[in-house]
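Participant: Listed below, chain by chain, are the residues.
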Amino acid sequence: MRPRAPGPDGKARADLLLEIGCEEIPAGMILKASQELRAILANQLATHLLVDGPTAEASIETFGAPRRLVAIARNIRVKQEDLTREVMGPPRSVAYDSAGEPTRAAQSFASKQGVPLSRLRVVDTPKGEYVAARLTIAGKPAPQILSEILPEAIREISWPRSMVWSGVHGPRFIRPIRWIVATLGGETVACAYADVRSGNHTEGHRFLGQRKIPVSGPRDYEARLKRNFVLCRPEERRQKIERELKSVAARKSLRPHEDEALLEMVTYLNEYPTVILGDFDPVFLGLPEEILITVMRDHQKYFAVENRKKQLAPHFLAVINLPRDPKGLVREGHERVLRARFVDAQFFWTNDQKIKLGEYLPKLAAVTYERRLGSYRDKVERIRSLARWLSEQWVAGGIAQADVAGADRAAELAKCDLVTDMVREFTELQGVVGGLYALEQGEPEEIAWAVYDHYKPHGLDDPVPRNLIGSAVALADKLDSLMACFAVGVIPTGSSDPFALRRSALGVIKILLEQKLPLSLSAAVSAAAKSLKEHAPRIETSEAVERQVLEFLLDRARYILKERRGYAYDEINAAFAAGADELGDAVDRIAALQAIRKTKDFDPLAASFKRIRNILEKSVGTGDKVQQAVDTALLKEAGELQLFTVAQQIGRAAIQFKKERKYRRALEKISELRPSVDFFFDKVLVMDEDAKVRRNRIALLAGLLKEFSTIADFSELGAEEARQAK
Amino acid sequence: MKDPAKPLDAKVQQKKRRGLSFQELLLKLEEYWARKDCILQQPYDIEVGAGTMHPETFLRVLGPDPYRVVYVQPSRRPADGRYGENPNRLYKHTQLQVVLKPSPREIQDLYLASLVAVGIDLKEHDVRFEEDNWESPTLGAWGIGWQVLLDGLEITQFTYFQQCGGLDLDPISVELTYGLDRIAAYLQGVDKVFDVLWTDRVTYGQVRLAEEEQFSAYSFDHADISATRRQFDLCEAEATRLLNEYDKLPPGARKRFPVLQAYDFCLKCSHLFNLLDARGAVSVTERAAMIARVRKLATLVARDWLDQRAGIERKVSA
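Residue numbers (this note's numbering), protein chains in the order written: chain A, 108 to 833; chain B, 100 to 417.
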């Protein structure tokens, strides 16, 4: 070993290189696995005292490419620190006789600990003087430790779906491991995992590089791989791709479509990525852009390109795992594959439309939604009735664009594309294809776009349906999914959410908030339950399940309001506690609450409300009878008289503001209670000895809490930390 | 097909062929794998949807004995038929199936060398392994692996078998399934599979188009639903009867019992189910139930076959 100059604590240090050489790891898993490897190694190295705990993560970097996961740990100790430890033996009085000579007890203790008698010490303890031995545990050399912890680290990496390759009891990994490089300070660290012994040879590019490349450590690893057509660092691959996407497109005055997810994917699909430009027959531009882009992006992992007028151009950018394509063979191959795909799409486009979209409806009977929940044909009827109901609510609420018949028609058509060849082939285009067919076939545009949009939003950043009919169908579809799945016990747990119910709930909330649609959530959930009961397969549910669905929805609402609107959890909870059924109204109250919170009187008032709630909760235990109304005759002290009178005045004003939905003004008014509340708590003892007085005071406070908690339950405020800690 | 000896029409003949003919491709691959100690087997003589269903894969991957086999398997997928009108989709496509048990350490290199053997220069083409795990619910089988892409074209399914017939496998076999039709089209640089030259003088279309047209028509338009159902029920009943009988036999009397015949009936069920499915005759609840019925047969066959082999081995070693 060639240790480098001693580190800050005078101990020799060296750099560790670990490379797990693998058959092609799925592109989407490499980043996460390399991050995990970093944490695992940091923990192991720190546990074994090869690095200092606090600096462990910082001294390690990990990264990956399709055929390798790599870890570099810098400045690790070449030898563990020696440890000293004191072992207590018998009391001094037992270990030495009156002459000060060691007894048999001392001798046997010393020999058991492996130290000479002369090295025994006497130490003072609270229990008296005892004999002790100081033991030194010599640190082990790092290679010895590493040969144990490196295989352990490899084993600890978790994968979504690992495999065995040598036998059912053989090692598990994401794909077979074929080589391992492990060096410390230039020397091979001997270890083995999965019947593969470590060495100091890596492999280059599968077709262009050498198969056995000697490396000494982090110093020459990267450069040697690069000479062998492997860019081992993802940043470098990514930058090369980004640069070439732009430059290759620019040669034809084109611009690549930005696509972060695709860029990340191709970064981890290639060890030596190069961008090439291919062409396709402009005749295919007659197909809708959505279809062309999906074929290129999702099926072939090509970047689409556009011209200066932002129109899709008949070209594509492919990322290949070679430095060049001098004869154009790869380009020609990709072009032919794409042509075949487009010909397919063209075929589906005309063939699917030999019958009208609506005529596919009966075929939905053969597509299962969920075993107990029937077919998509059944689901369509449930969606229709819900979409109608929603539109009726909006018509009644005076929303001019609400269209009951339109929503019904769009819901009827929404799922028809599931049985077209186009969607069977390009499943990610569900909805979109139906919308395009509807447009092509002369359905009213509003209805066609509603079909097109009804799976939206796909996530927090995805837009909501562009029109009200689309929102009705989208809400109906999602509410039905939630209600139906909960009714048969398909409820998301942890990472398992096969029906994407979290996304559905998120979608419901996002649509309601962004379209500012008035809707009682509980009524909507009940309507979904009713539709589930009245349509095949006629599943009856319970109020408990309805509450569960409602709570699930509100949970998503809390999440969006926190993440996207920046409200604090306690503000959201305070407003929700006063009612969250009308989501838009609840948000108005949260906004008012957030604004008023900054004023000086508000937080102390909120604290007083919490005090009131505590008192009320305690009073339940006293055995006193609950008194509903305040008996003014029993109000004797100035504090309680004043509070009663002021609360009545403020209450009247606040209620008026609340009626007008001027929540900010209402809360400002309520803030004016503060001096009277403070005065009351200052001067009045609630728990009076006289039960009548006591009960009356409790009634006064209960009335106060009730009356002033209709905008928000102030006693929830400040509970934020407690809630987040949960 | 008229007369294979006659020269082709001018269009096809003018175009200078590049790459291997369809049958050269098939011969080269078989020869390559035969040289790697594979038994050269023949296609199974019952309709199957994939080379995996051939007993040479389904049964051979079970149990401890090493095995290597290569064979061509024409595979029928009634729902994929397009009356010969689609340039790439076929009712019956031709797979070349390789099974190596146990999976050798250098398996990827062995596979890649087979591509070189059919004229693919790996330094000039973009060949890659992209995640694609394989699963067959009817066979109770699944595996981990990739689709192999050649310049963006999927040419092979590469699978480390993990389970088959519902049983954990030990050792692990590797299964390579080449899509011969599309590989040939690619090598020859043609867009339509029917334009592939089967030999220097005869096209794939001349050999196979009538089959595509007629079997597509049968699957989609003519198959008698209730007759097909009855056939399914009959085959299932016969398989079940055999498997029940096997259970009742004392271990010593099981050696010659026709478990293989039960498997044939299971394969027939699988194909009949595919036919009903293509015909649009399988309802929601029925679909899952029918798949489960076939899987039940497949898993029982796998179990009994292993039991039978173990009995024979005991005898040999005793």
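In case anyone wonders, no lab produced these hints; they're calculated from the structure. Quick reminder that beta carbons are idealized off the backbone N, C-alpha and C, glycines included. There could be a bad hint or two in this list.
Once the Cα atoms are required to be at most 30 Å apart in a straight line, the calculated DSS-like pairs of lysine-lysine come out as [stated by the list, open to error]: (1) A:470 - B:191; (2) B:395 - A:470; (3) A:705 - A:766.
Partial pick of chain A residues on the chain B-facing surface, computed with a CB cut under 8 Å [claimed, not checked]: (4) 133; (5) 134; (6) 138; (7) 274; (8) 275; (9) 314; (10) 315; (11) 372; (12) 376; (13) 427; (14) 446; (15) 450.
Participant: Now tell me, hint by hint, if it's right for this structure.
Facilitator: Evaluation of the provided hints:
Our distance criterion of 30 Å between C-alpha atoms is met by residue 470 (chain A) and residue 191 (chain B), whose separation comes to about 25 Å. As the CA atoms of residue 395 (chain B) and residue 470 (chain A) are separated by approximately 28 Å, the hinted pair is consistent with the 30 Å bound. A threshold of 30 Å between alpha carbons decides the hint, and for residue 705 (chain A) with residue 766 (chain A) the separation of about 24 Å falls inside it, so the pair holds. The closest approach between the C-beta of residue 133 (chain A) and any C-beta of chain B is roughly 4 Å, which is under the 8 Å cut-off, so the hint is satisfied.
Taking 8 Å as the C-beta contact cut-off toward chain B, the hint placing residue 134 (chain A) at the interface holds, the least distance being around 7 Å. Taken as an interface hint, residue 138 (chain A) does not check out: its beta carbon lies about 14 Å from the nearest beta carbon of chain B, beyond 8 Å. Restraint check, residue 274 (chain A) versus chain B: the minimum CB separation of about 5 Å is within 8 Å; hint holds. Here the hint on residue 275 (chain A) is kept, as its CB sits about 4 Å from the closest CB of chain B, short of 8 Å.
Interface hint at residue 314 (chain A): satisfied, since its Cβ lies 4 Å from the closest Cβ of chain B, which is below the 8 Å cut-off. The interface hint given for residue 315 (chain A) is met, as the beta carbon of that residue sits about 6 Å from the closest beta carbon of chain B, less than 8 Å. Hint on residue 372 (chain A) is violated. Least Cβ distance to chain B is approximately 10 Å, over the 8 Å limit. The beta carbon of residue 376 (chain A) comes within 7 Å of a beta carbon in chain B, closer than 8 Å, and the hint placing it at the interface holds.
Because the smallest distance between the Cβ of residue 427 (chain A) and any Cβ of chain B comes to about 4 Å, under 8 Å, the interface hint for this residue holds. A hinted interface residue such as residue 446 (chain A) counts as satisfied when its beta carbon comes closer than 8 Å to some beta carbon of chain B; here the least separation is about 6 Å, so the hint holds. With a least beta-carbon distance of about 6 Å to chain B, the hint placing residue 450 (chain A) at the interface is held under the 8 Å criterion.
Of the hints listed earlier, those the structure fails to meet are numbers 6 and 11, in rising order.
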